[in-house]
Amino acid sequence: MSARPLAGVRVLDFGLLTAGANTSAMLADLGADVIKIESGAYLDPFRVVGKPDDDDGWWNRSPQFRFTNRNKRGLALNLKDEDGRRVIRELAAHCDVVVENFRRGVLDRAGLGYADLKKINPRIVFAAISSQGDTGPERMNVSFGSTLDATSGIAALTGYEGEEPRISGMDVNYPDQIVSLFATGIVITAVMEARRTGGGCFLDFSQREVASFTLGEEILAASADPARARTRQGNRQDGVAQQDTYKCRDGRWIAVTLAAPDTTLEPFCASHDSAAAVAALLAKGIAAARCNDGVDLLADKALAGVTLARDDTGGLVKGLPYRLDGQGIAIERTAPDLGQHTVEVLRELLGYDDAALRRLADSGVTSTTPNVGEI
Amino acid sequence: MTAPDDLPLQRFTIVEVNDRDVPLCLRLATSLAGKIAADLGATVLKIEPPGGDPVRRAPPYLSQGESALFQFLNTSKRSLVLDLGGAAGRDALARLLDTADVALFEEPASIAGLVRAGKATPIEIAAFPVEMNAATRPVSEFAILALGGLLHMVGEPDRKPLRLGGHQASYAAGLTAFTGLATALAARDAGHKAPAVRVSLAEVMQWVNWKAASGTEASGTSPGREGKGSEFQIMPCKDGHVAVVYTATQWPQTRALIADPRLMDSRFNTRAGRRQNVAEIYAIITPWFAGRTRSDIQKTAQAKGVPFGPIFSPAELLDTDQYVARGFLARLGAYRLPQLPVQWNGRSFAPRPAPNLPAPELGA
Numbered sequence: 000m001s002a003r004p005l006a007g008v009r010v011l012d013f014g015l016l017t018a019g020a021n022t023s024a025m026l027a028d029l030g031a032d033v034i035k036i037e038s039g040a041y042l043d044p045f046r047v048v049g050k051p052d053d054d055d056g057w058w059n060r061s062p063q064f065r066f067t068n069r070n071k072r073g074l075a076l077n078l079k080d081e082d083g084r085r086v087i088r089e090l091a092a093h094c095d096v097v098v099e100n101f102r103r104g105v106l107d108r109a110g111l112g113y114a115d116l117k118k119i120n121p122r123i124v125f126a127a128i129s130s131q132g133d134t135g136p137e138r139m140n141v142s143f144g145s146t147l148d149a150t151s152g153i154a155a156l157t158g159y160e161g162e163e164p165r166i167s168g169m170d171v172n173y174p175d176q177i178v179s180l181f182a183t184g185i186v187i188t189a190v191m192e193a194r195r196t197g198g199g200c201f202l203d204f205s206q207r208e209v210a211s212f213t214l215g216e217e218i219l220a221a222s223a224d225p226a227r228a229r230t231r232q233g234n235r236q237d238g239v240a241q242q243d244t245y246k247c248r249d250g251r252w253i254a255v256t257l258a259a260p261d262t263t264l265e266p267f268c269a270s271h272d273s274a275a276a277v278a279a280l281l282a283k284g285i286a287a288a289r290c291n292d293g294v295d296l297l298a299d300k301a302l303a304g305v306t307l308a309r310d311d312t313g314g315l316v317k318g319l320p321y322r323l324d325g326q327g328i329a330i331e332r333t334a335p336d337l338g339q340h341t342v343e344v345l346r347e348l349l350g351y352d353d354a355a356l357r358r359l360a361d362s363g364v365t366s367t368t369p370n371v372g373e374i
Numbered sequence: 000m001t002a003p004d005d006l007p008l009q010r011f012t013i014v015e016v017n018d019r020d021v022p023l024c025l026r027l028a029t030s031l032a033g034k035i036a037a038d039l040g041a042t043v044l045k046i047e048p049p050g051g052d053p054v055r056r057a058p059p060y061l062s063q064g065e066s067a068l069f070q071f072l073n074t075s076k077r078s079l080v081l082d083l084g085g086a087a088g089r090d091a092l093a094r095l096l097d098t099a100d101v102a103l104f105e106e107p108a109s110i111a112g113l114v115r116a117g118k119a120t121p122i123e124i125a126a127f128p129v130e131m132n133a134a135t136r137p138v139s140e141f142a143i144l145a146l147g148g149l150l151h152m153v154g155e156p157d158r159k160p161l162r163l164g165g166h167q168a169s170y171a172a173g174l175t176a177f178t179g180l181a182t183a184l185a186a187r188d189a190g191h192k193a194p195a196v197r198v199s200l201a202e203v204m205q206w207v208n209w210k211a212a213s214g215t216e217a218s219g220t221s222p223g224r225e226g227k228g229s230e231f232q233i234m235p236c237k238d239g240h241v242a243v244v245y246t247a248t249q250w251p252q253t254r255a256l257i258a259d260p261r262l263m264d265s266r267f268n269t270r271a272g273r274r275q276n277v278a279e280i281y282a283i284i285t286p287w288f289a290g291r292t293r294s295d296i297q298k299t300a301q302a303k304g305v306p307f308g309p310i311f312s313p314a315e316l317l318d319t320d321q322y323v324a325r326g327f328l329a330r331l332g333a334y335r336l337p338q339l340p341v342q343w344n345g346r347s348f349a350p351r352p353a354p355n356l357p358a359p360e361l362g363a
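Chains as they are written, first to last, in numbering that gives the first Met the number 0: chain A, 0 to 374; chain B, 0 to 363.
Read the hints as simulated data drawn from the structure, not as lab findings.
Mixed in with the good hints there might be a few duds.
Said to hold, decoys possible - Calculated lysine-lysine pairs in the DSS-like style (CA-CA distance at most 30 Å, straight line):
| # | chain 1 | residue 1 | chain 2 | residue 2 |
| --- | --- | --- | --- | --- |
| 1 | A | Lys300 | B | Lys159 |
| 2 | A | Lys246 | B | Lys227 |
| 3 | A | Lys117 | A | Lys79 |
| 4 | B | Lys227 | B | Lys298 |
Owing to the predicted nature of the structure, the values given are computational and were not obtained by experimental measurement.
Chain B on its own, in the form it takes in the complex (with noise of 0.2 Å):
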C-alpha cells in the first residue's frame, strides 16, 4: 500500500476552476487533468457553482443514479462551492489562487482574468486555436472531431463520417494539459516562472490527426475512411469480432498462420498488390475466423507474432486476465475503474472517491 505522504505530488496546491455556464467537453478536460494531479498525491481543490458541476448529473449512471463520468473525472479530489457570480465568491477565488501552485480554468470563463492575474501558473483549456477569435462560437466535442479531421478518418467512403466512441477529444486535451502541469509545476519546483500553458481541443485533435497532414503534404491527396478497402478489418468470429492488424513485414506470418494455399498468390506478395485486393484476401480468411473464438485467435496469432485484436466491451475488459494480473482496475467502493495507466517502481496509484457536494461557503 502506499503510503499517503509519499505521492510524487503531494507537496502541491491546484485549484480546478469550474465556472458556471462552460460547455461540457472543456469541464470533462479540465476535469481529467485535475484527478491525474489528485491522484498522483497533489492536493487538488474543485471549485464548483452553487447547484455543483453539471457533470454530477451527466452520463453514464450507477446504480443509485450518480453520474460515472463525475465519479471517474474526480477521484482524491477535494471540493468547495463558489457563486463566482458575486463579489464574495471571487474574493474567496483569488485568496486561494494566492496560495495554490497552478489554476486550472476553461475559457470562456467570467473569472479568466482573475486567475491569470493570480500567483498560481494558469493552465487554461479552451475549444479553440486563439487564431480562430472564436471565444463566441457555438461548441460541441462532435464537431471539434470533425474540426481536426477525425471524423474524416472513420467508416465506410460512401457513408457518413464515424467519430470515435468515448470522450476522446476531451481526454486527449485533459492529459495534455495534465502534462502541461506537470511542466509549470517542474519549473515552479526549479525556481524558474513557470509558462502559462493554454491547450485548445482543437489542436490537440489536430496535433493527434497528424498523419493526414503528413500524408495530405506528402502525397496532395488526404487519407481517409477506407472501410472495406483498408487492410485492417473486422471480421465476425465465434464469440465476437477481431480487428486484423499487422505491418507489411508481419504479412509472412500472418499467411502462415491462415495457413490457406490461395494467399501465396504472388499478387499478395507487396502490400500494393495487397492493398488492390483486399476484398479478395479476405474471402479468403473470413472462414478461419468463423470456427475460432477471439481467445483462441489471440493466441494463435501471438504465438506467430501478428497482432490480430480481439475486441473487448468495456463489461469484458472487467474480467480480462491481464488487467487483473496488473491490478489496473482499482475498487471503489462496490465498483471498478481503471486507475492511473503507470505503474512507478511497481506502485499503483489507487485513487479515492470523488467528492460529495459540500454546502456553500458561508457568505459565498
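This is chain A alone, in the form it adopts within the complex (with noise of 0.2 Å):
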C-alpha cells in the first residue's frame, strides 16, 4: 500500500478488551498513530486474564492483549491523579479521536468527558462504545460478551431444534468481536466530516444495539407481526432445503447445505471420511466444508488469508478482516508493554524534559508495573 489511508491521524486509545481496543487497532492498521492510554493501577483486562504465569513481567504476556494491541504506542498514566488527567488533557489538543469503552461516566468524571476535551479540541471525534449506549434508563448497565447474545436476540434463535436459547460463549463473546467493524468505519467517516467542517462529534455506540442490528429483518417481519414464532431451529434456515451439520466416519463433523431434501446424506457421511465427504459434495456442486476449530484453522494458511500476522517476535496476532490493494497487514509494532512510549510520547508531542518526566515517574503517575492491588 502506497500512503496509508490514516496516515496523519492520531488516537488516544482508551479502549479496553475487545470492543473498544480492536476499534483502535484497526485505525492503527490504516495507518493511524494510536497511543493508548492505561495506568498502574488499571490494566487493560486483557493483560490480567491472559496471563500466562504470574512471574515477573506477566502483565507483558498476555496473547489476547498481544492480539488486539499490536501497531499501537503505549502510555500508562494514572487517571486518578490531576497531573496524570492534565497530561491527558494536553495530549487531546493533539490527537483526532478519542476511543473509549468504560462504563458510563468513568471519564466525565475525571474531567476527561467529551464535553471536556472539545473545549480544548474542538475537531475530536469521540467514539464512546457501551454496552447500551450513552442514553436511556439501562446507559449504567454492565455487561459481558455473552449477556449481549441473551439482550440481543441472537440467543433466542441460536439453539437447537426446540431447545433452550444459546449463547456464543466466553471463547467467541460474538457481540464483542463485530462493534469495531463497525464502530471503525464511523469513525472514520466522521474523521472526514471534522477534516471537512473544523468540527467533531461525539458518536455513541452502543454494542447490544449492533448485535441487534444484524437481526434487522427478524425484527422488522416481528413488527408486522407481532405473534410471529420464532423458535430455536437448530441448523435450519427459512428459504433453504436442506441444512445441518453431519457426522463422518472419522468422527469430524461438516456442514452441508442442499438446494432439495435428501434422506441418503446422513448415512452417506456416517460411512466416509470427513475430507472425502467434503470432497464429493463440492464436486456434485453442494456447499460443504468440515466444522474446522482452532488447529485446522492454524494449519490452513490458504484458508487463514490475511487473517493472522506475526510480530517481529514472532508472536501470532490478529491480521485484517480485508485486504487492501491486495496486501494484508504489516505488524509494525509489537503489542506494547505497559508504558512503553510513555517517555517517548510525552517528550514527542509535547516536548517534556527530563525533568518533568521524572516529577511524573517520581509522583507514581507514570509507571511500567502494575499496582496490583487495584486490579
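Given two chains presented individually in distinct reference frames, assemble the corresponding complex, making use of the accompanying hints.
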C-alpha cells in the first residue's frame, strides 16, 4: 500500500478488551498513530485474563492483549491523579480521535469526557462504545460478551431445535467482536467530516444495538406480525431445503447446505471420512465444509488469508478482516509493554524534558509496573 | 429531524452492482454495506438484474408478502434494472462507474473486470480468501461458518455443532465492507489514491473467531463448544430464560446475589475450582432463577454489578425500555426496524424505504 489511508490521524485510545481496543487497532492498521492509555492502577483486562503465569512481567505476556494491541504505542498515566489528567488534556490537543469503552460516566467524572475535551480540541471525534449506549434507563448496565447474545435477540434464535436458547460463550463473545467492524467505519466517516467542517462529534455506540442490528429483518418481520413465533431451529434456515451438520466416519462434523432434500446424506457422511465426504459433495456442486477447530485454522494458511500475522518477535497476532490493494497487514509494532512509550510520546508530542518526566515518574503518575492491589 | 442535506456521506455516489447468479450470502453482505452508506446520506444506486435482486423474494416476509430481508438491507437506496448480460447494460454500467466514487460488487461476477477498470474505487465481496483459489467452489453462508470455526464453538461437545441465529457471516462481512468503503472515501476525499478493498466472508469469520487461534497457539489445543460444562449457562426462569454471565472478578458479587451459603464452599473460590465444579454450582443456583422473572433478575443482578443477560426474542425487543427510550427502532410505514446503531451528536439516521423494482431501462 502506498499512502496509508489514515496517515496523519492520531488516536487517544482508552479502549479495553475487544470492543474498544480493537476499534483503535483497526484505525492503527490503516495508518493512524494510536496512543493507548492505561495506568499502573488499571490495566487493560486482557493483560490480566490472558496472563500465562505470575512471574515478574506477567502483565506483558498475554496472548489476547498481544493479538489486539499490535501497531499501537502504549502509555501508562494515572487518571486518578490530577497531573495524569492534565497530561491527557494536553495530549487531546494533539489528537483527532478518542476511543473509549469505559462504563458511562467514568471519563466525565475525571474531567476527560467529550464536553471537556471538545473545549480543548473542537475537532476531536469522540467514540464512546458502551453496552447500552450513552442514554436511556439502562445506560449504566454492565455486560460482558455473551450478556449481549442474550439481550440482543441472537441467543433466542440460536439453539437445538425446540430446546433452550444458546449464547456464543466466553471463547467467542460474539457481540464484542463485531462492534469494531462497524465503529471503525463510522469513526473514519466522522474524521472526514471533521476535516471538512472543522468540527468534531460525539459518537455513541451501543454494543447491544450493534448485535440487534444484525437481526434487522427478524425485528422488522416481528413488527409486522407480533405473534410471529420464532423458536430455535437448529441449523435449518428458512428458504433452504436442507441444512445441518453431519458426523463423518472419522468422527469429524461437516456442514452441508442442500438445494433439495436428501435423506441419504446422513448415512453417506457416516460411512465416509470428512475430507472425502466434503470433496464428493463439492464435486456435485453442493456447499459443504468441515467444522474447523483452532488447530485446523492455524494449519490452513490458504484459508487464513490475511486474518493472522506475526509480529517481529514471532508472536501470532490478529491480522485484517479485509485486504487493501491485495495486501494484508504490516505489523510495525508489537503490542506495547505497560507504559513502554510514555517517555517517547510525552517528549515528542508535548516537549517534556527530563525533569518533568522524572517528576511524573516519582509521583507515580507514570509507571511501567502494575499496582496489583487495585486490579 | 435531520435535514436531508446535512448527512455525512451526502456528497458521495456509490454504485452497488448485484450481478446475476451470485450466491445469496454474498449479496446480503454487499447490500448491508451499501445500506449503511445510504442511511448516512450517500447516493447509493443499486443495479438489479431483470426480474430484480433475488433477495426481494427471500424470507422472512411482511404482511403483504414483501421480503423483510430486502426491505431491511436496501433502505435509503435508489434502484436501476440493467441487463448486464448485454452490451447496452454493460455500457450503461461503465458510464455510471465513471461518475461514482465507489463500486460495491460480488466476486465472481461477469462484470468484475469492468468494475475494476472503472474510475470508482472497487470494493469486492467474495466467499473465500484469494489464497484458496476457490472461485468455483460451491458457497453457502453455513459452510463458511464451518470453515471459519464458529460452528465448532456453539452447542454441546457430544452433539452437533450449531450456527448462530441470523445471517452473521454475511452481516459481519457487510459491516467490514462498510469500513473498507469509508476508508476508500476518506482516501479519495484527501486527494489520495484509494486502495481497492476485498472482503471475504471466510476471512471475516476467522477474524471474528480469533480467540480460537490465540487459544490454540497458547495451549496447543483448540477451545470448543463446552455446552453444559461451561461457566456460562442458560437458566430457565419464571417467564423465559436468562444467560448467566460473570467475569472472574465478579464471582463475589454473583455469590452475594444468589446468597446461598453453599456457594461459600472454598472449592468455588478460584476460577479453576469453579470450572471443575460447574454442575454443582448450577445445581445450587437453579432454584433461585425458577421463582423470578427476567426483569427481576436483571434489576437485582445489575444492582450488584453482575451482568446476567435476560433472553429477549426479536418481537420483545420492539418494546424494551432501552430501545424505546433511545429511539433505536425507526418507523417505516406501518413497521419498525433497527436503525444504524450509532448516535452522532445525539442524532440518529432514520432510514428511507427500500426502492420498488423499477421498469428496465430502455435498450438495456
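Against the structure, the hints come out as follows:
1. A C-alpha spacing of about 26 Å is found between A/Lys300 and B/Lys159, which places the hinted pair at or below 30 Å, so the restraint holds.
2. Proposed proximity of A/Lys246 and B/Lys227 is supported: the alpha carbons are some 20 Å apart, at most 30 Å.
3. The straight-line distance between the Cα atoms of A/Lys117 and A/Lys79 is roughly 21 Å, inside the 30 Å bound, and the hint therefore holds.
4. For a cut-off of 30 Å, the pair hint linking B/Lys227 to B/Lys298 stands: about 26 Å separates their Cα positions.
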